[in-house]
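S.K.: Those sequence lines, one after another, are chains V and R.
Position one of the first sequence corresponds to residue 23 (this note's numbering), numbered consecutively onward.
Position one of the second sequence corresponds to residue 193 (this note's numbering), numbered consecutively onward.
Any given hint could be a false lead.
One side of the interface only, derived from the structure: several residues of chain R facing chain V at Cβ under 8 Å [what the hints assert, rightly or not]:
hint, residue
1, Ala241
2, Phe272
3, Ser274
4, His280
5, Gln294
To be clear, the hints were calculated from the coordinates, so they are not data collected in a lab.
Owing to the predicted nature of the structure, the values given are computational and were not obtained by experimental measurement.
The beta-carbon is built from N, C-alpha and C at its ideal position, and this holds for glycine as well.
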Amino acid sequence: MKRLFISISDGKGFDILLVGLAMFFLLALAGIPLLYNVLMSFQEVDMFTLGSFIRPWAGLDNYRYIFAQPEFWLVMKNTALFVFCSMAGQFVLGFGLAIFFQQNFWGASTIRGLFLVSWVMPGLVVGGIWSFILAGDYGVLNAILEGLGIIDEPVFWKSDPDLAIWAVIIANIWLGLAFNMLLLSVGLAAIPRDLYEAAELDGATAWQRFRTITLPMMRSTIGAVLALGLIGTLQQFDLFPAMTEGGPANTSSVTQYWAWQMSFKQYDFARGATISMLMLVFVFMAAIVYVRSTRGEVRG
Amino acid sequence: MQIEILNLDKHYGAYHALRDVTVQIPKGQFVALVGPSGCGKSTLLRSIAGLETITSGTLKIEGEIVNDLPPRKRDVAMVFQSYALYPHMSVAENMTYSLRIQGVSKADALKRAREVAEVTGLTDLLDRRPRDLSGGQRQRVAMGRAIVREPKAFLFDEPLSNLDAALRVHMRTEVRALHDRLGATSVYVTHDQIEAMTMADHVVVMRQGVIEQQGAPMELYDRPANKFVAGFIGSPAMNFVDGKIGEDGHSVTLALPNTPVIPLSRKAEAGRNVTVGMRPEHLSLDANDGQIEVAIRSVESTGSMAYYTTRTDPELMLVEQGRNRFRTGDTARLRIAPENVQLFDRKTDIAI
Ligand SMILES: Nc1ncnc2c1ncn2[C@@H]1O[C@H](COP(=O)(O)OP(=O)(O)OP(=O)(O)O)[C@@H](O)[C@H]1O
Ligand SMILES: [Mg+2]
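Given the sequences, and given the hints that come with them, work out the whole structure.
M.R.: What follows is the structure, encoded as structure tokens:
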């Protein structure tokens with residue numbers, strides 16, 4: 023007993039305890055639900071079997087059904103577009119802002135801190151605000167664009183099938199900008215100043231310094247930001263009900279919204295689970311990017 | 193002149209970091225900037241590199257005014273105290289960075305890096321990352337990276353201060369030998385006056401942004417312009433005792449027990465209050481013609497040298513060759529070599 027206690031207080035037991043706790047929560051709160059989801063995607067689930075664990079086996083029927091849906095490829099295309107453009111926008115603008123605030127002008131850190139506001143706001147509220155901004159008839163954006171003479175007649179951002187997904191992307195970029203900027207700012211701040219001075223004396227222009235010092239030194243930060251950005255974008259749900267409800271005619275629907283509709287609108291839990299399984303492919307890609315970028319980490 | 197610094201002034205907001213600094217550096221010279229911490233050595237060096245903008249004055253490199261040129265166009269290389277090696281690049285990549293930036297082909301750059309690695313003893317380390325090197329090796333890489341470029345001047349900011357004592361002494365000669373071999377022009381910042389004295393052709397002593405004196409090392413040692421330089425140059429430091437010039441103007445009375453009178457070789461203003469400077473090695477113990485009796489307060493011996501302090505006010509430090517002949521508490525006759533005393537005005541601290 024005493025030996026066990028010593029082991030836990032300052033030996034290997036302590037390590038095992040910590041790892042064990044983490045593993046327990048991971049399994050209980052993520053692992054088991056995930057496996058249950060996988061299981062459900064191979065079962066027939068209806069209102070009567072909802073409460074039971076053993077249900078009729080469906081094999082790949084659910085998958086065949088989903089692939090055969092007319093909106094399947096549209097939703098996949100939208101998801102790819104949503105994920106790629108949101109992340110690209112968040113990352114490029116976030117990096118730009120991070121570098122901008124790195125210049126240490128008067129008030130830089132205060133203004134940077136204010137960006138946190140967008141992070142605190144619930145997605146539904148953000149979606150609501152962007153709905154107003156992008157509204158076709160009374161929206162602020164249209165008023166500005168018209169005022170500047172860029173457009174002649176109002177653009178119906180949310181109800182034009184070609185634009186609806188872009189409306190959500192714009193809102194999502196805004197929502198994720200602060201997160202990207204703050205994380206990248208931390209990464210930038212961790213690069214020693216004298217490296218830039220050395221590179222400058224070695225003849226490097228600002229662009230060359232960015233390419234040969236900043237980017238390689240930020241590798242792990244960039245990997246983490248991109249991986250977390252991908253996860254955050256795949257998780258992004260609130261904006262859809264608040265802005266377009268996936269419409270018009272599914273032209274702004276993405277997998278996560280579709281899965282929700284399937285499960286909680288049509289109560290087809292098996293097929294909802296099947297759609298969410300498809301998202302696993304995307305998440306898996308994020309995990310690979312993340313692990314690879316942190317592996318070859320070099321610092322000082 | 194390879195580098196000309198003319199009437200340079202530098203302000204950080206309200207803080208006046210450099211005041212009217214003028215230094216002329218001919219090609220091939222090794223110049224040391226010394227002074228206490230915060231005196232503006234790094235600021236001056238960084239101004240030459242272009243990393244700080246100067247408030248007024250003129251800065252010329254090879255005759256060209258570079259006041260408004262960015263660092264990358266000045267063609268000077270700097271060795272940082274932190275070395276500032278690129279952590280994500282191998283030693284070879286670090287050394288060839290500037291060449292690659294200039295568009296030299298990879299093969300040519302590598303060939304050049306190998307030549308320099310030969311000279312700096314880095315040949316076996318070319319593939320390593322900086323974090324896998326010892327402090328001394330990193331220091332060499334930083335130097336190698338500068339040498340590869342064949343710049344118009346080398347700027348060093350306390351490059352040896354992170355090394356252990358033995359290596360530091362060794363690197364002093366090595367850096368100087370490299371400088372001579374390359375026919376380089378170097379500006380070397382250090383707070384260690386021994387480093388400055390042993391390495392440099394020309395030493396610039398600074399205090400609070402002002403150049404107190406500049407010249408050849410022995411010139412500063414033998415003829416310090418003021419009390420600050422006299423106290424800063426030389427180790428152990430010069431002893432200072434209050435004194436008063438005698439009526440004849442050819443002797444000085446020291447404010448020590450029994451008020452010894454030291455003859456002066458040249459005439460000084462009679463009755464003037466002065467500070468008398470005496471280097472520890474110009475004091476000796478138990479000579480026949482010693483002027484006063486002193487008690488020994490402490491003894492330190494390194495085997496080859498003995499360092500004594502005396503139980504007087506102010507305390508005097510003196511150095512002798514060989515083993516210590518006295519112990520703490522002993523009394524001995526102290527001789528002050530009259531030909532070597534330095535006089536400073538008591539008020540202005542300027543040498544007389
Ligand atoms: N960016 C800055 N803003 C304001 N004051 C500064 C700045 N950089 C340096 N100083 C001040 O200028 C003075 C000279 O600094 P500098 O770094 O040149 O000293 P130094 O002689 O190199 O000292 P050390 O031996 O400690 O390196 C210091 O008093 C310092 O506080
Ligand atoms: Mg300094």
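S.K.: A separate judgement is required for each hint: does it hold in the structure or not?
M.R.: Evaluation of the provided hints:
Checking Ala241(R) against chain V by beta carbon gives a least distance of about 6 Å; that is within 8 Å, so the hint holds. At about 5 Å, the closest approach between the beta carbon of Phe272(R) and any beta carbon in chain V falls short of 8 Å, and the interface hint on this residue holds. Here the hint on Ser274(R) is kept, as its CB sits about 6 Å from the closest CB of chain V, short of 8 Å. Against a cut-off of 8 Å between C-beta atoms, the interface hint on His280(R) holds, since the closest Cβ of chain V lies about 4 Å away.
At about 6 Å, the closest approach between the beta carbon of Gln294(R) and any beta carbon in chain V falls short of 8 Å, and the interface hint on this residue holds.
Hint violations for this structure: none, all hints satisfied.
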